Amino acid sequence: MDWASPHAVGVSAVVAAGALVAGGLARWYRQSRAISEAPPSSRPEAPGPRVMVVGVIKVEGLCCSRFEDAIPVAATTFHEPRRGGGQKARTVTWSDRATNMWVEVAKVNVAIEGPVRVEVGSEEHYPGCATKELEARVLERIFSAEIVPSRDDVVPLHGVFRSVKPDDQVAVVGRMERGSKGPRRLGRRRTEVWRLTPDASGAITICYRRRPTVRGALFGVHAWAAAMVAGVG
Numbered sequence: 013m014d015w016a017s018p019h020a021v022g023v024s025a026v027v028a029a030g031a032l033v034a035g036g037l038a039r040w041y042r043q044s045r046a047i048s049e050a051p052p053s054s055r056p057e058a059p060g061p062r063v064m065v066v067g068v069i070k071v072e073g074l075c076c077s078r079f080e081d082a083i084p085v086a087a088t089t090f091h092e093p094r095r096g097g098g099q100k101a102r103t104v105t106w107s108d109r110a111t112n113m114w115v116e117v118a119k120v121n122v123a124i125e126g127p128v129r130v131e132v133g134s135e136e137h138y139p140g141c142a143t144k145e146l147e148a149r150v151l152e153r154i155f156s157a158e159i160v161p162s163r164d165d166v167v168p169l170h171g172v173f174r175s176v177k178p179d180d181q182v183a184v185v186g187r188m189e190r191g192s193k194g195p196r197r198l199g200r201r202r203t204e205v206w207r208l209t210p211d212a213s214g215a216i217t218i219c220y221r222r223r224p225t226v227r228g229a230l231f232g233v234h235a236w237a238a239a240m241v242a243g244v245g
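For the sequence shown, the numbering used here assigns the number 13 to the initial residue and increments by one for each residue that follows.
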């Protein structure tokens, strides 16, 4: 048999293409298996499992305004420590988010539905004053937002602002349920959507997966100390 014949080449091409398709299906299956087993949201008596979803955060429509400077972001949070009365310090957390927001994992969309709490932001800002001394516009944005359940983590003296932006790489923790169809892409069908809802903590947790950009009083103190050392020298 002439293995260089057009027939042999055609058969080899078909076999190679089949192998590529099979490999692609296997990868897709592994990536989506964890969420494909979640129970449908039509069964409220059987809440979905608590999971961590890692992917890219996406927003459709308007973003929310970041508390500290009104820049559009996907989600913004302010953690304020409250002390006094000889009691253990507690944290009060305000949070706002874009209305339509999801995590994109490969070709699977996982909608984020419910209150969120940003625990690690792509940008974090440490104010250099007490909350009541912040600018009026900042206070208005904070106090018009929703108070969400806080964790018992220790936060800096004057609190911390945390936010994530569209297209940030994030890890999101909540309960997984089956959702509806996602936004239509140009020339494509609507993709199936799963959804994350708050777990027992009362909010969906969002963590940026890279090193945050940190701004605020902490760096001001470092700069002041460096200037003092240089002056003494």
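Everything labelled a hint here was simulated from the structure, so no lab data went into it. Incorrect hints may appear among the rest.
Straight-line C-alpha distance at most 16 Å; calculated EDC-like pairs for lysine to aspartate or glutamate [stated by the list, open to error]:
#1 K177 x E92
#2 K119 x D211
#3 K119 x D81
#4 K177 x E131
#5 K144 x E72
#6 K177 x D211
#7 K144 x E92
The following label-pair restraints were derived from C-beta to C-beta distances [claimed, not checked]:
#8 E147 x K119: 42 to 52 Å
#9 R227 x R95: 35 to 45 Å
#10 V226 x E147: 16 to 26 Å
#11 E147 x T111: 34 to 44 Å
#12 K119 x E145: 11 to 21 Å
#13 I83 x A142: 39 to 49 Å
#14 R95 x P161: 26 to 36 Å
#15 K119 x K144: 42 to 52 Å
#16 L74 x A183: 16 to 26 Å
#17 G140 x E116: 17 to 27 Å
#18 D179 x V226: 29 to 39 Å
#19 E147 x P168: 11 to 21 Å
If you're wondering where the values come from, they're calculated on a predicted model, not measured in any experiment. Heads up, the beta-carbon is just placed ideally off N, CA and C, and yes, glycines get one too.
Original post:
Would you say the C-beta atoms of I83 and A142 sit inside 39 to 49 Å of each other?
Top reply: 23 Å, violated
Original post:
Regarding V226 and E147, is the given constraint of 16 to 26 Å on their beta-carbon distance met?
Top reply: 20 Å, holds
Subject >> Cβ separation of D179 and V226, checked against the hinted range 29 to 39 Å >> reply: Violated, since D179 and V226 (Cβ atoms, about 20 Å apart) do not stay within the stated range.
Original post:
Are the Cα positions of K119 and D81 separated by 16 Å at most?
Top reply: Given pair K119, D81 is violated - Cα atoms ~34 Å apart, limit 16 Å.
Original post:
CA of K177 to CA of E131, is that 16 Å or under?
Top reply: Distance of about 14 Å is within 16 Å: holds.
Original post:
At the C-beta level, are R95 and P161 separated by a distance inside 26 to 36 Å?
Top reply: Once the Cβ atoms are compared, 19 Å apart, the range 26 to 36 Å for P161 and R95 is violated.
Original post:
Quick one: are G140 and E116 within 17 to 27 Å, going by C-beta?
Top reply: Because 37 Å falls outside the window, the suggested range is violated.
Original post:
Cβ-Cβ distance between K119 and K144: within 42 to 52 Å?
Top reply: Holds - the Cβ-Cβ distance for K119 and K144, about 48 Å, lies within 42 to 52 Å.
Original post:
Do the beta carbons of L74 and A183 sit within 16 to 26 Å of each other?
Top reply: 24 Å, holds
**OP:** For the pair we were handed, K177 and D211, check the Cα-Cα distance against 16 Å.
**Re:** Given that 16 Å is the threshold and the Cα spacing comes to 23 Å, the pair is violated.
Original post:
If you check the beta carbons of R227 and R95, does the distance land in 35 to 45 Å?
Top reply: Hint violated: Cβ distance 24 Å, outside 35 to 45 Å.
**OP:** Take the C-beta atom of E147 and the C-beta atom of P168, compute their distance, and say whether it sits inside 11 to 21 Å.
**Re:** 19 Å, holds
This entry does not satisfy hints 1, 2, 3, 5, 6, 9, 11, 12, 13, 14, 17, 18, going by the numbered hints stated previously.
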